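Protein chains: 2
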Amino acid sequence: MSIGPGLTMPCYARDMPTAGIVIIGDEILSGKFAEENAAFLIGELRALGVDLRRITVVPDDLEDIAATVLDCSRRFDYVFTSGGVGPTHDDITMAAIAKGFGTTIMRHPDLEARVRGYWKDKLADANLRLADVPDGAELVYGKDQIWPVVALKNVFIMPGVPTLFRRKFVDIRDRFRAEPVTAARLYVDVEEGELAPSLDAVVARYPSVKIGSYPRFSEKDFKVLVTLEGPSTDDVSGAFEMLASTIGPRVIRREEPQRVGE
Amino acid sequence: MSIGPGLTMPCYARDMPTAGIVIIGDEILSGKFAEENAAFLIGELRALGVDLRRITVVPDDLEDIAATVLDCSRRFDYVFTSGGVGPTHDDITMAAIAKGFGTTIMRHPDLEARVRGYWKDKLADANLRLADVPDGAELVYGKDQIWPVVALKNVFIMPGVPTLFRRKFVDIRDRFRAEPVTAARLYVDVEEGELAPSLDAVVARYPSVKIGSYPRFSEKDFKVLVTLEGPSTDDVSGAFEMLASTIGPRVIRREEPQRVGE
Numbered sequence: 001m002s003i004g005p006g007l008t009m010p011c012y013a014r015d016m017p018t019a020g021i022v023i024i025g026d027e028i029l030s031g032k033f034a035e036e037n038a039a040f041l042i043g044e045l046r047a048l049g050v051d052l053r054r055i056t057v058v059p060d061d062l063e064d065i066a067a068t069v070l071d072c073s074r075r076f077d078y079v080f081t082s083g084g085v086g087p088t089h090d091d092i093t094m095a096a097i098a099k100g101f102g103t104t105i106m107r108h109p110d111l112e113a114r115v116r117g118y119w120k121d122k123l124a125d126a127n128l129r130l131a132d133v134p135d136g137a138e139l140v141y142g143k144d145q146i147w148p149v150v151a152l153k154n155v156f157i158m159p160g161v162p163t164l165f166r167r168k169f170v171d172i173r174d175r176f177r178a179e180p181v182t183a184a185r186l187y188v189d190v191e192e193g194e195l196a197p198s199l200d201a202v203v204a205r206y207p208s209v210k211i212g213s214y215p216r217f218s219e220k221d222f223k224v225l226v227t228l229e230g231p232s233t234d235d236v237s238g239a240f241e242m243l244a245s246t247i248g249p250r251v252i253r254r255e256e257p258q259r260v261g262e
Numbered sequence: 001m002s003i004g005p006g007l008t009m010p011c012y013a014r015d016m017p018t019a020g021i022v023i024i025g026d027e028i029l030s031g032k033f034a035e036e037n038a039a040f041l042i043g044e045l046r047a048l049g050v051d052l053r054r055i056t057v058v059p060d061d062l063e064d065i066a067a068t069v070l071d072c073s074r075r076f077d078y079v080f081t082s083g084g085v086g087p088t089h090d091d092i093t094m095a096a097i098a099k100g101f102g103t104t105i106m107r108h109p110d111l112e113a114r115v116r117g118y119w120k121d122k123l124a125d126a127n128l129r130l131a132d133v134p135d136g137a138e139l140v141y142g143k144d145q146i147w148p149v150v151a152l153k154n155v156f157i158m159p160g161v162p163t164l165f166r167r168k169f170v171d172i173r174d175r176f177r178a179e180p181v182t183a184a185r186l187y188v189d190v191e192e193g194e195l196a197p198s199l200d201a202v203v204a205r206y207p208s209v210k211i212g213s214y215p216r217f218s219e220k221d222f223k224v225l226v227t228l229e230g231p232s233t234d235d236v237s238g239a240f241e242m243l244a245s246t247i248g249p250r251v252i253r254r255e256e257p258q259r260v261g262e
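As given, the protein sequences belong to chains A and B, one line each in that order.
Be aware that the first sequence starts at 1, since it is given in our numbering, and climbs by one per residue.
Be aware that the second sequence starts at 1, since it is given in our numbering, and climbs by one per residue.
Derived by calculation from the structure, the hints in this document are not laboratory data.
If you're wondering where the values come from, they're calculated on a predicted model, not measured in any experiment.
Keep in mind that a hint or two might mislead.
Heads up, the list lumps identical chains together, so a pair's fine if it works in one copy or across two of them.
Unchecked claim - DSBU-like, lysine-lysine: derived pairs with alpha carbons at most 35 Å apart:
1) Lys220 to Lys153
2) Lys223 to Lys122
3) Lys32 to Lys143
4) Lys32 to Lys122
5) Lys143 to Lys122
6) Lys153 to Lys32
Using the sequences and the hints given, assemble the complete structure.
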């Protein structure tokens, strides 16, 4: 797509499954905790060959969570939510997602049995909220057969506590595995302004290759990092060689095309 | 607002200015770089007394950037964008924001003069793209009188390179300074399920206080961290004492109410 004189936007082949992440938590937005779950999931999704298209951090607000999750569910193949799942007043994710999809909360009998079995005579009433899920939700079991992940359509509802989030995602991640991508990098001693025409030419010649250009001002040995990535190894290799030969001896370091996620 | 039997959602006094952050970058979503600018801005906005309500990370996609920035501009008092500002093909933030606001890109004469003065005889054509801004944009000068921040209405358009992002924000941050909040914490040796009724009571009694409950499973000396926060020191102190006296000796550690951002 042309966006101005001489400018093109990379048109990335979209045969990878797509994903969005919704982080629910006042505690992130107010800086009480550093965000860890999206940071973790970025690497996981990349290794699985899933194209992450959006991360949104929203507050503990029913309407906002409802609208944001529904929007992501319509746009992407998978949505992962983090946080707001538990027994206290600020745990409103299940109610919000139910509202977003126009359904209500129900107490799931399988989950209720698990909650009662886990706490036994120490069960507090509020713990039973862990068994409340949107009507129509599925329980997704991985290798850990004790606590499933609750999913409504393509939305996977995960806890916000980072240790639990990681454990649960790793448990079910194989179901998301898709095709790997090929990635390569060039570190060049050329300013971005001077580099732009060469990049434009490669972008035009190899539309399936996503090319990123990242100036760095605190590095001594290079000025710009150029990244290349795409589903076709041939195209990424072709773009890589075309760009490397244009820049010539001012390429400082090369990281050759290789498959990621295999 | 009631969201179910016995459940209330904190109704936070909304006299603080609000903000949203839009991070533009395939490089974040694909894991090439860790996100640093939102992480930095969270702490800055908190210290300034600005209520951060949303962070969205979007890809280098014209339509997506345009729609996301416009949406945030309508919802919040301030919007900060990071990334996609520069001379190469993937730098489409200015064009996208112009499109979102129904305007076009123009070459700003003041910026063009600065660009020409900076590069002098080493100027590459592509560098002049740094002078292209949405029609109607303002140049916001801080203490650094060389490179201003480009702003369109309430949208402040910042570079993605973390060293530049930080320097530019620090340069202009005083204009965003608002009222401080009061914050306090309790570390308690009570499970969340058991804690829930006490929290509900405090939430009902002190609606202006935002109360967060965060279970931690890897800590030895406490089970849940409870955070309290609000614009009124009296209300936060009242909520803090009410909760502390309910929990009694099972409060492991107290962090007394104090003003943040003064």
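For this session: Indicate which option fits the pair Lys220, Lys153 if close means a Cα-Cα distance not exceeding 35 Å: within, between, both or neither.
Result: neither (49 Å within a copy, 38 Å between copies)
Problem set entry | Intra- versus inter-subunit Cα pairing at 35 Å for Lys153 with Lys32 | both (32 Å within a copy, 30 Å between copies)
Problem set entry | Identical-chain pair category, Lys223 with Lys122, by Cα at 35 Å | The answer is between: 15 Å across copies meets 35 Å, while 61 Å in one copy does not.
Exercise. Should Lys143 paired with Lys122 be assigned to within, between, both, or neither, using CA atoms and 35 Å as the limit?
Worked result: Result: close within a single copy only, 27 Å intra versus 60 Å inter.
Exercise. Is it within, between, both or neither when you check Lys32 against Lys143 at 35 Å Cα-Cα?
Worked result: Answer is both; intra-copy 33 Å and inter-copy 30 Å each pass.
Exercise. How do Lys32 and Lys122 come out at 35 Å by Cα distance, when the copy is not named: within, between, both, or neither?
Worked result: within (30 Å within a copy, 46 Å between copies)
This entry does not satisfy hint 1, going by the numbered hints stated previously; all others are met.
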